[in-house]
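In case you want the letters, here they are:
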Amino acid sequence: MEITLKNVKKRYHQKTVLDIPDFHFFPGKIYGIIGPNGAGKSTLLKVIARLEELSEGEIFYQQQPFRKEILKTMTYLTQKPFLFSASVVENISYPLKFRKYKRDEIRFLVEKIISEFGIEHLAHQLATKLSGGEAQRVALARALIFKPQILLLDEPTSNMDPNSIEIIEKIILKYNHKKDKTILFITHNVAQAKRICDEVIYLENGIIVESGKAKDVIASPKSENLRRFLSLEYYVN
Amino acid sequence: MRYILEGIIYAIKLLLSFDPEIYEIIGLSMYVSFASTLISSFLGIPLGFLLGLKHFKGRKIFARLLNTAMSLPPVVVGLVVALILSRRGPLGQLQLIFTPAAMIIAQTCLVLPIVMGVIFNSSRDKGTEVEKMCLTLGANKLDTLLVLVKELRANILVAITSGFGRAISEVGAVMIVGGNIKNHTRVMTTFIAMNHSMGNYYISIAMGLVLLGISFIVNAILYGRITGTGD
Amino acid sequence: MRKKKFSLLFILLLVLSLIVVGCGSKEPAEPEEPLTEENNMEEGQATEEEPKAGGSIILSTTTSTENSGLLDFILPDFTEKTGIEVKVVAVGTGKALQMGVDGEADVLLVHAKASEEEFVAEGHGLERFDVMYNDYILVGPADDPAKIKDQANSNIVDAFKLLHEGGHTFVSRGDDSGTHKKELELWGEAGLEPEGAWYVSAGKGMGDVLQMADEMQGYTLADRATYLSMRDNLELVIVTEGDERLFNQYGVIAVNPEKNDQINAEGAQAFIAWLLSDETQELISQFGVAEYGEPLFIPNAK
Chain A
506 MEITLKNVKK RYHQKTVLDI PDFHFFPGKI YGIIGPNGAG KSTLLKVIAR LEELSEGEIF
566 YQQQPFRKEI LKTMTYLTQK PFLFSASVVE NISYPLKFRK YKRDEIRFLV EKIISEFGIE
626 HLAHQLATKL SGGEAQRVAL ARALIFKPQI LLLDEPTSNM DPNSIEIIEK IILKYNHKKD
686 KTILFITHNV AQAKRICDEV IYLENGIIVE SGKAKDVIAS PKSENLRRFL SLEYYVN
Chain B
-3 MRYILEGIIY AIKLLLSFDP EIYEIIGLSM YVSFASTLIS SFLGIPLGFL LGLKHFKGRK
57 IFARLLNTAM SLPPVVVGLV VALILSRRGP LGQLQLIFTP AAMIIAQTCL VLPIVMGVIF
117 NSSRDKGTEV EKMCLTLGAN KLDTLLVLVK ELRANILVAI TSGFGRAISE VGAVMIVGGN
177 IKNHTRVMTT FIAMNHSMGN YYISIAMGLV LLGISFIVNA ILYGRITGTG D
Chain C
447 MRKKKFSLLF ILLLVLSLIV VGCGSKEPAE PEEPLTEENN MEEGQATEEE PKAGGSIILS
507 TTTSTENSGL LDFILPDFTE KTGIEVKVVA VGTGKALQMG VDGEADVLLV HAKASEEEFV
567 AEGHGLERFD VMYNDYILVG PADDPAKIKD QANSNIVDAF KLLHEGGHTF VSRGDDSGTH
627 KKELELWGEA GLEPEGAWYV SAGKGMGDVL QMADEMQGYT LADRATYLSM RDNLELVIVT
687 EGDERLFNQY GVIAVNPEKN DQINAEGAQA FIAWLLSDET QELISQFGVA EYGEPLFIPN
747 AK
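Residue numbers (this note's numbering), protein chains in the order written: chain A, 506 to 742; chain B, -3 to 227; chain C, 447 to 748.
Just chain A, same shape as in the assembly:
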């Protein structure tokens, strides 16, 4: 689904945290969103997910203004996974329950996604007692089970071991193998952005300073700020 931002502004107590006059996110692409802390990356995802309201401007979904049904095809993954105090299976079942799927269907789909994600051994454990990496996998499974068109992922692999990172990246790529999903992906890991993102957006103080094909932007950044930002990223990698 195409997401279009027009004259989008978001303010918190006089401070403008987002200022995007015109931008398009196209389906089939994975967008990496990078930038310093406080740049407005999370806010960008939140306003698209309708968790926060815009101060000005509008966001269009497939050229149309927002309507409630869009929520059912969108998913947002928080930095720190928030899981319900129930078993892993129950957590993953929730989105399907909300959409009134039949019990057999739910069981089938949940089993399928659990094996895909390699978390069968956690199936009946209490979700709130999982480790960071495990919890994030469960949260992602829960977020993907109803096949949303739009994925908004806020640092889904930060604080994870390399093995888990690999698994998650593979899952995201596989999810988009038909090139029909719109995926926005906040990360501090520039190497990761280079690995899996089609396009990269550099956000600073709420403004898109630079954007373009991932490999191009990272290899030869046009703006001074981005260049400086990328040079510091070697601390992360």
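Don't read these hints as lab results, they were simulated from the structure. Don't take each hint at face value.
With the Cβ distance kept under 10 angstroms, some of the chain C side facing chain B (calculated, not the full set) [claimed, not checked]:
| hint | residue |
| --- | --- |
| 1 | N513 |
| 2 | D548 |
| 3 | G549 |
| 4 | V566 |
| 5 | A636 |
| 6 | K705 |
| 7 | D707 |
Pairs of lysine to aspartate or glutamate, DMTMM-like flavour, derived with a Cα cap of 25 angstroms [stated by the list, open to error]:
| hint | chain 1 | residue 1 | chain 2 | residue 2 |
| --- | --- | --- | --- | --- |
| 8 | B | K128 | A | D524 |
| 9 | A | K602 | B | E127 |
| 10 | B | K50 | A | E574 |
| 11 | A | K573 | B | E125 |
| 12 | A | K573 | A | E557 |
| 13 | A | K634 | B | E125 |
| 14 | B | K9 | C | D678 |
| 15 | B | K137 | A | E574 |
| 16 | A | K577 | B | E127 |
| 17 | B | K146 | A | E610 |
| 18 | C | K533 | C | D576 |
| 19 | B | K146 | A | D524 |
| 20 | B | K9 | C | E737 |
| 21 | A | K573 | B | E17 |
Just so you know, even glycine gets a beta-carbon here, dropped at the ideal spot from N, CA and C.
Knowing the structure of chain A, use the given hints to seat chains B and C on it.
What follows is chains B and C alone, placed relative to chain A:
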């Protein structure tokens, strides 16, 4: 010291004797406290959720008032309720003074803020997080509420247990609005107070132990549910 | 699944307590219409109810009266004969009278003659009747440091003088009760002001005060009935008794029914009639004999 040991022996003998007066008193205590807790829960839990999740004007003041109301002095509540229900009070025609109904009313005034307060505070804290999460998963308002209730089920049990604890153990309110009338409004706490002032130590201790025992059992049951589910 | 079990248990407990209560006390019926001549005359009516009116009355009395156990002993007879339940609210004399003034009670049974007569004179009650009397006694520690037993065994005013002189611990009811009023009367007669560290104003009921005096090894003025009923738990002994000034006269008064609509005037009248009847007076004189060898109350209705 001798008193306490002999009191315990007396207590056991008393309970095994199945004295109808004693059992009537125990039964009335349970009835009044359960009833007031039940009513307070039916009113307080939904209200607590509603107000905890909604952002309305004056919410901060309301929160402060509610927290104060959670520790209203029972004897003061008893006084106010008695003034209203007494014959010359505004609701005198209802003839509720010195009846178990009046005691339930007074205790509900004490327990309702407690139940509502616990739910309000916990849904205010956890409510937005759950709401937002459910929104991203495509839940409608009803689904979200059900999930929230499930997430806060431990808090709900704490609310009910605290409320019941307050009800079964207070003496000031039920003494004033009930009058400790034999066969009508005498409950465990007023019975203990009365017998102590008469110097009947053994029976006071006996009933005191029964009261502790019941408190303990009810708490054990309810907290057993919490640790069983909220692990 | 677990949730179902929990609510089931909860409901079970609630139902259990409801059953226990339900089998115990019966809720008194609402005060019914007074029996008219017509109702009385209607023969051949098959009713399962008691022939007389049911309902209940609120009897306000003093804590010492209730604590003595007299009411437990005699009231069932009244309910049996009339079908009227008596709800006994036991408070201090001051409060008992106030309940009458406020119309919160239907009938009063107290022991403060002067206050009672004032009560009637001011129109709060219909008429005052003598019912019975018991007496006050002065009790104190077994070793009797004030030497009252030797010097003032039947003279209460002298006893009080001895207490005042020697500054011996005395615990007063201090709660405007009949006992308290009597005590103040006696200080007045002795021409003394009771003040000082030795004079402890408790603000509590008779039982509590006796306990306190027991703990503090002090003296106190008590009604014989309460003392006798607590004697086994106390180390206090009687040091003065029998002085006529220690008489404690009980009176019964029907509250003026014009105060409000809820006053059960017929019930009050039935109660008074029963209380003053020969049978009940005889019953009163039997109370306490089995346990203490002497009656706790002496009936003296006219």
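Cross-check of the supplied hints:
1. Because the beta carbon of C/N513 sits about 5 angstroms from the nearest beta carbon in chain B, less than 10 angstroms, this interface hint is met.
2. Look at C/D548: its Cβ gets to within about 6 angstroms of chain B, closer than 10 angstroms, so that hint holds up.
3. Hint status for C/G549: holds, given a least beta-carbon distance of 5 angstroms to chain B, under 10 angstroms.
4. For C/V566, the interface hint is violated, the least distance from its beta-carbon to any beta-carbon of chain B being 20 angstroms, above 10 angstroms.
5. Because the smallest distance between the Cβ of C/A636 and any Cβ of chain B comes to about 29 angstroms, over 10 angstroms, the interface hint for this residue is violated.
6. Taking 10 angstroms as the C-beta contact cut-off toward chain B, the hint placing C/K705 at the interface holds, the least distance being around 8 angstroms.
7. At a threshold of 10 angstroms, the smallest CB-CB gap from C/D707 to chain B is about 7 angstroms, leaving the interface hint in force.
8. Using a Cα cut-off of 25 angstroms, the hinted pair B/K128 and A/D524 holds, with the two alpha carbons roughly 24 angstroms apart.
9. For the proposed pair A/K602 and B/E127, the alpha carbon gap of about 16 angstroms is at most 25 angstroms, so the pair holds.
10. Taking the CA atoms of B/K50 and A/E574, the gap is about 23 angstroms. The hint holds against a cut of 25 angstroms.
11. Between A/K573 and B/E125 the alpha-carbon distance is near 20 angstroms, which keeps this suggested pair within the 25 angstroms criterion.
12. The suggested pairing of A/K573 with A/E557 holds, with an alpha-carbon distance near 14 angstroms, which does not exceed 25 angstroms.
13. For a cut-off of 25 angstroms, the pair hint linking A/K634 to B/E125 stands: about 18 angstroms separates their Cα positions.
14. Restraint check for B/K9 and C/D678: the C-alpha separation of about 20 angstroms stays at or below 25 angstroms, so the hint holds.
15. A C-alpha spacing of about 14 angstroms is found between B/K137 and A/E574, which places the hinted pair at or below 25 angstroms, so the restraint holds.
16. For the hint pairing A/K577 with B/E127, the CA-to-CA distance comes to about 15 angstroms; that is within 25 angstroms, so the pair holds.
17. A C-alpha spacing of about 23 angstroms is found between B/K146 and A/E610, which places the hinted pair at or below 25 angstroms, so the restraint holds.
18. The straight-line distance between the Cα atoms of C/K533 and C/D576 is roughly 21 angstroms, inside the 25 angstroms bound, and the hint therefore holds.
19. For a cut-off of 25 angstroms, the pair hint linking B/K146 to A/D524 is broken: about 39 angstroms separates their Cα positions.
20. For the hint linking B/K9 to C/E737, the alpha-carbon distance of about 22 angstroms falls within 25 angstroms, and the restraint holds.
21. Taking the CA atoms of A/K573 and B/E17, the gap is near 63 angstroms; set against the 25 angstroms cutoff, the hint is violated.
Of the numbered hints listed earlier, those contradicted by the structure are 4, 5, 19 and 21.
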